[in-house]
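A.B. asks: These protein sequence lines are chains A and D, in that order.
The opening residue of the first sequence carries number 5 in our numbering; numbering runs sequentially from there.
The opening residue of the second sequence carries number 33 in our numbering; numbering runs sequentially from there.
Keep in mind the hints are simulated off the structure, nothing from the lab.
Positions of the beta carbon are idealized from the N, C-alpha and C atoms, including for glycine.
Among these hints, one or two may not hold up.
With a straight-line cut-off of 20 Å between C-alpha atoms, the simulated SDA-like cross-links for lysine to any residue are [what the hints assert, rightly or not]:
id, chain 1, residue 1, chain 2, residue 2
1, A, Lys10, D, Arg410
2, D, Lys416, A, Leu68
3, D, Lys321, A, Arg21
4, A, Lys34, D, Ala405
5, A, Lys34, D, Glu80
6, A, Lys34, D, Leu326
7, A, Lys11, D, Leu418
8, A, Lys10, D, Thr420
9, D, Lys171, D, Phe387
10, A, Lys34, D, Phe402
11, A, Lys34, D, Ser403
12, D, Lys321, A, Ile27
13, A, Lys34, D, Arg193
14, D, Lys416, A, Ser67
15, A, Lys120, D, Leu327
16, A, Lys120, A, Glu95
17, A, Lys11, D, Thr420
18, A, Lys10, D, Lys416
19, A, Lys120, D, Gly173
20, A, Lys10, D, Glu419
21, A, Lys10, D, Glu409
22, D, Lys416, A, Gly37
23, A, Lys138, A, Asp63
Away from chain D, derived, C-beta distances all over 12 Å, residues of chain A [to be verified]:
id, residue
24, Asp63
25, Asn82
26, Ala92
27, Gly96
28, Thr102
29, Lys133
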Amino acid sequence: MPNLKKKYEIKAKDFIRAGEGAIQTQSTLKSIGFEPDIVRRASICAYESEMNVVMHGGDGTLSLTVDGTWIIIEVRDNGPGIEDIDLALKEGYSTASTEYREMGFGAGMGLPNIKKNADSFEIHSGEGKGTYLKMAFRVSENGE
Amino acid sequence: MGSDIFKNGTPFRYVQIDEGLCNGCVLCMKACPTKAIRVKDGKVACIEGVCIDCGECIRVCPRAAIRPITTKAYDFKESRYSTVSASTVLYVQFGEEVMPNEVLLALRKMGFSYVHDQAYTNEMFNVAMELYIRENRNKAGTPWPLISPVCPVVVRLIAYRFPSLLGHLPPLANPREIVAREAKKRLSVKYGCRPEEIKVLHISPCPAKMICIEEPVLQEHSYLDGTIGICDIYDTLRKHIRELDEDKVLHHSGGVGLGWAMAGGETAGLEIEGLAVSGLQETIRYLEKIEMGLLQDIDYMEFRVCTEGCLDGPFTVADKYQAKHHLQRLVRMFGVEKRVKYGYVKGLYEKGWFFTDKKDVELTGKAPRFSIAEGIERQNRVEKILETLPQKECGVCGSPDCRTFAEDVVDGKASLESCFYL
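Generate coordinates for the entire structure from the input sequences, incorporating the hints supplied.
C.D. replies: Here it is, written out as structure tokens:
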């Protein structure tokens, strides 16, 4: 089975280009011919995780790996890391500044939303160690 | 090799190219939002199943070589009972001295047996949409925000490029379809004929209405029999306006229903959380956002692909900003309230009057279907070719940009030698 790999840079605090990696991911998945539902779930996760890096994480990367059975999105950054992962996964928990909340972000739904939309989800983080997020989406035979 | 699309003529469906006027420049190809156009050896062609009939090509062509196909007015003189409804854009095409009622009277003078005030139905639709949103807002399973089904290009854009958003289109029928359906029903009783004998025509600022009649996405079939561009009847209608000798009230709406012709006009009449987005690129941007699960706290999105809304449609005659000024004055004059009776509309809503006859809106887009393995292979080949291209996006090869050219090469629709730089 052939595979495809793509990588996008994410810049901290760059709100002009924020979300670009997710949009590119969405467009690549559409061109390959995946069904709308899996494309939608994958792009929600790509967007949420990309925004997390832009807001909290410092610089990072978003990588997309696709083969016939999985769509895998990995996002890593060299930011401050997450102190308490269990807490960060709770709906409504947020460490975003007032400024970000005023921009419409930081409602504490990012990670919970990712967990809800990905078929499998892994997170590794610790104070001062940056954050690594792996989200996988299972591809059924007809691309759904 | 490869340029098959040129061999079979130009499969544009509702636009025609005047080859005598076209000089093979690339403006239409560059402007096309779905990358449906190619220009090769001075000839323009359209890839089937990709065009959404938005009319951008008509708008940008400096030689007026691209013309839309609409129904001609004389086709209707043949039928015994002809009915017309006009986009409210028509109401503001004749300068500030002319009132909506005069425009409707002039349409009658043109020979239509029945003239309907579309603005009034717009207000009814506003009320019905509020009722639908209140009824469904807290139900599980409805995706939010809902997307207005009014702009035909947006509906097509969703069907072709954003099929995952089809569920965001509410099951309410378009106001112009409601008008046509009711006209057929009521007038056939009045005249004692079959509903099909009542011909209903829509006067429109927009080239995409024709395709909505031939290939509707949100209806089983369209109740309309044809559309005429505003520009096609402008002169005749203006003459009739000057010579009006009749005095009858045909215009019934308030300012809300009239305001629909402007971007933001539909949401202005809704007492819910609505956002109005206009312009093709902005529309695409916001559809992408909705696809990524954003904007769920909004109830309703009004999208219009023309920047100023329907006032800006390719078939309009009056300057869009002057027309907008005129319309804003009319809205103040007729009041920023709906004139429809709430209880009456609610009764109709509960009887299902506003709903479309189509139960499931399925995907109508004809995206190339291949297996995921083939899709990945194709994508990798596209990326590889793209690396060798200059990415100057010049369009000399005949494809709108380097990425699309790479795709065309992989799909056998273009050859690599066509690149000016390689």
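A.B. asks: Are the hints correct? Go through all of them and say.
C.D. replies: Quick rundown of the hints versus the structure:
At most 20 Å may separate the alpha-carbon atoms for a hinted pair to count; A:Lys10 and D:Arg410 meet this at roughly 14 Å. Using a Cα cut-off of 20 Å, the hinted pair D:Lys416 and A:Leu68 holds, with the two alpha carbons roughly 17 Å apart. With a CA separation close to 14 Å, the supplied pair D:Lys321 and A:Arg21 stays within the 20 Å bound. A distance of roughly 14 Å separates the Cα atoms of A:Lys34 and D:Ala405; the hinted pair therefore holds under the 20 Å criterion.
Distance restraint check for A:Lys34 and D:Glu80: the Cα-Cα separation of roughly 19 Å lies within the 20 Å cut-off, and the hinted pair is therefore satisfied. Proposed proximity of A:Lys34 and D:Leu326 is supported: the alpha carbons are some 19 Å apart, at most 20 Å. A distance of roughly 16 Å separates the Cα atoms of A:Lys11 and D:Leu418; the hinted pair therefore holds under the 20 Å criterion. For the proposed pair A:Lys10 and D:Thr420, the alpha carbon gap of about 17 Å is at most 20 Å, so the pair holds.
Distance restraint check for D:Lys171 and D:Phe387: the Cα-Cα separation of roughly 18 Å lies within the 20 Å cut-off, and the hinted pair is therefore satisfied. About 12 Å separates the Cα atoms of A:Lys34 and D:Phe402, which keeps this hinted pair within 20 Å; it holds. Taking the CA atoms of A:Lys34 and D:Ser403, the gap is about 13 Å. The hint holds against a cut of 20 Å. Only pairs whose Cα atoms come within 20 Å are accepted, and D:Lys321 paired with A:Ile27 is accepted, the gap being roughly 9 Å.
Annotation: proposed proximity of A:Lys34 to D:Arg193 holds, straight-line Cα distance about 9 Å (limit 20 Å). The straight-line distance between the Cα atoms of D:Lys416 and A:Ser67 is roughly 18 Å, inside the 20 Å bound, and the hint therefore holds. Straight-line distance between C-alpha atoms of A:Lys120 and D:Leu327 comes to about 18 Å, which keeps the hinted pair within the 20 Å bound. At roughly 11 Å between alpha-carbon atoms, A:Lys120 and A:Glu95 fall within 20 Å of each other, so this suggested pair holds.
Taking the CA atoms of A:Lys11 and D:Thr420, the gap is near 19 Å; set against the 20 Å cutoff, the hint holds. Using a Cα cut-off of 20 Å, the hinted pair A:Lys10 and D:Lys416 holds, with the two alpha carbons roughly 12 Å apart. Simply put, A:Lys120 and D:Gly173 have alpha-carbon atoms about 15 Å apart, close enough for the 20 Å limit, and the pair holds. Restraint check for A:Lys10 and D:Glu419: satisfied, since their Cα atoms lie roughly 13 Å apart, inside the 20 Å limit.
A distance of roughly 14 Å separates the Cα atoms of A:Lys10 and D:Glu409; the hinted pair therefore holds under the 20 Å criterion. For the given pair, D:Lys416 sits about 19 Å from A:Gly37 by alpha-carbon distance, which is consistent with the 20 Å threshold. Of the supplied pair hints, the one linking A:Lys138 and A:Asp63 holds, its CA atoms being roughly 17 Å apart against a limit of 20 Å. Non-interface call for A:Asp63 relative to chain D: holds, since the shortest CB-CB distance, roughly 22 Å, exceeds 12 Å.
A cut-off of 12 Å between C-beta atoms confirms that A:Asn82 is not in contact with chain D; the least separation is 25 Å. Under the 12 Å C-beta cut-off, the non-interface status given to A:Ala92 relative to chain D holds; the minimum distance is some 19 Å. At roughly 14 Å, the least C-beta separation between A:Gly96 and chain D is larger than 12 Å, which holds for a residue marked as non-interface. A cut-off of 12 Å between C-beta atoms confirms that A:Thr102 is not in contact with chain D; the least separation is 19 Å.
No Cβ of chain D approaches the Cβ of A:Lys133 within 12 Å, the least distance being about 28 Å, so the stated non-interface status holds.
Of the numbered hints given earlier, the model fails none.
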